[in-house]
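First to last, the protein sequences are chains F and U. Numbering follows our numbering, with no gaps: position 96 of the first sequence is 96. Numbering follows our numbering, with no gaps: position 68 of the second sequence is 68.
Everything hinted at is true.
Here are the simulated DMTMM-like cross-link-like pairs (lysine to aspartate or glutamate), alpha carbons at most 25 angstroms apart as the crow flies:
1) Lys146(F) / Glu101(F)
2) Lys146(F) / Asp92(U)
3) Lys146(F) / Glu93(U)
Here chain U is said to cover these stretches of chain F; the calculated rule only asks that three of the stretch's residues, wherever they fall, bring their Cβ under 8 angstroms from a Cβ of chain U:
4) 135-143
5) 150-159
6) 175-182
7) 218-232
To be clear, the hints were calculated from the coordinates, so they are not data collected in a lab. Everything numeric in this text was worked out from a predicted model, so none of it was measured. Glycine included, every Cβ here is placed at the ideal spot set by N, Cα and C.
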Amino acid sequence: MRIDYAALAPELVITGAACLVLLVDLAVRGRTRVISGYIALVGSLLAIVLLIPKMFDAPTSTLNGLFVLDHFAVVMKIIFLAVAAYVIWIAIPPMRGHRYEGEFVFLLLCSVLGTLLMPSSRDLLMLFVSLELVSAPAFVIAGLRKVNPLSNEAALKFFIFGVLSAGIFVYGISLIYGATGTTSLAAIAASPAARAAHPPAILFTGIVFIVAAFGFKVSAVPFHFWAPDTYEGAPTPLAAFLSVASKAAGFVGLLLILYIGFPALAKFWGPFLGVIAILTMTVGNVVALRQRQFVRLLAYSSIAHAGYMLIPIAVIGSKAGVGSGSSNATLIRSLVIYLAIYSIMQLGAFAVAIGVSKQYPTLLVRDLSGLGRRAPLPALALAAFLIALGGIPPFGGWFAKFALFTAAIDAGTSLGLVLAIAMVVNSVISLFYYLGVVRVMYLGETPEAQDEGAVSFPRTIAAATALAFIGVVFVGIYPEPFARFADAARLVLHV
Amino acid sequence: MYVAAPLLLSAFMFSCGVYGVLARRHGVMLLMAVELLITSANLNLIVFSQLLKNSLGNIIALFIIAVTAAEVGIGIAIVMLLYRQRSTVAVDELHLMKW
Numbered sequence: 001m002r003i004d005y006a007a008l009a010p011e012l013v014i015t016g017a018a019c020l021v022l023l024v025d026l027a028v029r030g031r032t033r034v035i036s037g038y039i040a041l042v043g044s045l046l047a048i049v050l051l052i053p054k055m056f057d058a059p060t061s062t063l064n065g066l067f068v069l070d071h072f073a074v075v076m077k078i079i080f081l082a083v084a085a086y087v088i089w090i091a092i093p094p095m096r097g098h099r100y101e102g103e104f105v106f107l108l109l110c111s112v113l114g115t116l117l118m119p120s121s122r123d124l125l126m127l128f129v130s131l132e133l134v135s136a137p138a139f140v141i142a143g144l145r146k147v148n149p150l151s152n153e154a155a156l157k158f159f160i161f162g163v164l165s166a167g168i169f170v171y172g173i174s175l176i177y178g179a180t181g182t183t184s185l186a187a188i189a190a191s192p193a194a195r196a197a198h199p200p201a202i203l204f205t206g207i208v209f210i211v212a213a214f215g216f217k218v219s220a221v222p223f224h225f226w227a228p229d230t231y232e233g234a235p236t237p238l239a240a241f242l243s244v245a246s247k248a249a250g251f252v253g254l255l256l257i258l259y260i261g262f263p264a265l266a267k268f269w270g271p272f273l274g275v276i277a278i279l280t281m282t283v284g285n286v287v288a289l290r291q292r293q294f295v296r297l298l299a300y301s302s303i304a305h306a307g308y309m310l311i312p313i314a315v316i317g318s319k320a321g322v323g324s325g326s327s328n329a330t331l332i333r334s335l336v337i338y339l340a341i342y343s344i345m346q347l348g349a350f351a352v353a354i355g356v357s358k359q360y361p362t363l364l365v366r367d368l369s370g371l372g373r374r375a376p377l378p379a380l381a382l383a384a385f386l387i388a389l390g391g392i393p394p395f396g397g398w399f400a401k402f403a404l405f406t407a408a409i410d411a412g413t414s415l416g417l418v419l420a421i422a423m424v425v426n427s428v429i430s431l432f433y434y435l436g437v438v439r440v441m442y443l444g445e446t447p448e449a450q451d452e453g454a455v456s457f458p459r460t461i462a463a464a465t466a467l468a469f470i471g472v473v474f475v476g477i478y479p480e481p482f483a484r485f486a487d488a489a490r491l492v493l494h495v
Numbered sequence: 001m002y003v004a005a006p007l008l009l010s011a012f013m014f015s016c017g018v019y020g021v022l023a024r025r026h027g028v029m030l031l032m033a034v035e036l037l038i039t040s041a042n043l044n045l046i047v048f049s050q051l052l053k054n055s056l057g058n059i060i061a062l063f064i065i066a067v068t069a070a071e072v073g074i075g076i077a078i079v080m081l082l083y084r085q086r087s088t089v090a091v092d093e094l095h096l097m098k099w
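One chain only, chain F, in its complex shape (with noise of 0.2 angstroms):
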């Protein structure tokens, strides 16, 4: 077997960037083990750089069709390693002097390196291996502030869903492997049984293991309960990555999965993912309305907009199957949207909260109260974060939406009609918790205890949180370049 190697480059260097922190780690002492930080900065922008000429190559795959390297590959490839550095950049000042400093860089690598691999996977095998490769370092990560009790805390409940998870999901690759006798998404939907007019009750028993195993990588409710306080007690940049990146990645393994595995079930598979986002937004934003501490609201905003983000997957099954090429070219576009737009919203707002935490570690809504005054311009930013996280214009997040919702709407089904619809009321009910935030940092009076001077931010997250911002400004105003990427993004069935 020849192993194309420039087509793994990216996953090559970020491996060697995380066996060289290792390494590194164990030479430097003191102040300089910041160095393992930029090492991961530096290893990410490289892959990025050389992914970029893999942009315009024709589709390649390798490893006996176990890995495939097409342009949705590519373009989700760019976003994970854009958002692996943003989040390592974001990390560097609250992890500095950390006793596990060397150790967060290399296991974050190793989360990132789960995340090339998924969207190249064309195998349930690559695919369980890849899910795990996100996940397993991530239960590390969230228990390593050792003396906190919340943080272990943490670590505990996401380690029992995310094995949960996992047994669910291989007991539903075996029931697949026994209904079709193979792994290989193709070959499974061209398998006699995924085709049949009556498929086998073993195959949709499969499907839906398999559903609820990404849902709790997605955070879709009913499988959600993990995650409000994984990322309340875990080290907030590790949050920032589980809702954004490791989220990405469960969206890309599910639309892999059904889109290619199973188009002929789409009729089965596409109003019970409706139900599901239906659910899933509408308790995220409810529950989000109650809370009192920022992360916490944070991580159900995520939750909401997972809901939106299932309504492309769960449209394209009710657009009977993968022949009608355009509208599902559409649907996957819009999530490539949603997805890069939500990334540079919800990481600005977790720069930002990051920032913040050094003054105030229980992160409350309260303490952010008067940081209109003491602290003008990241508040102004983080304003700017949650007005786009509520998708009002001229801020970023209105045409994230407005793609999936176009989308949805062409689709010309009722279901993406009702989930478009449903999509619009819940962004309504967002607009009350995220504009909250906004009037108590700026008509909030300050607790009479605390101090009205300023809040000073470390410069490196003020750096990070103007780039979030002007991120989330140009994509407001003119959106055009973003579509592009987003429109390269075109998946191959079969290579």
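Starting from the structure of chain F, add chain U where the hints point.
Quick look at chain U alone, frame taken from chain F:
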């Protein structure tokens, strides 16, 4: 080959595993329930592999065993840390965070 019996056994093991993970009381019992969950899937894979005369299922089972070993290792580390902090492995007493 008569496959209904091993498949029923694995379904029973799977149900026990899910119950054990969700109705968690004791950290170590929880890890055992996780093992049961994964083993039920492995049993399924091996049975199907025999039934279909196709070695793929055996290979997948080996992969799953390796990945699970790593994962349960992490689980033991987390439970050990819990024990050091609280001198107990009672998982149902973890409720610092709610809603």
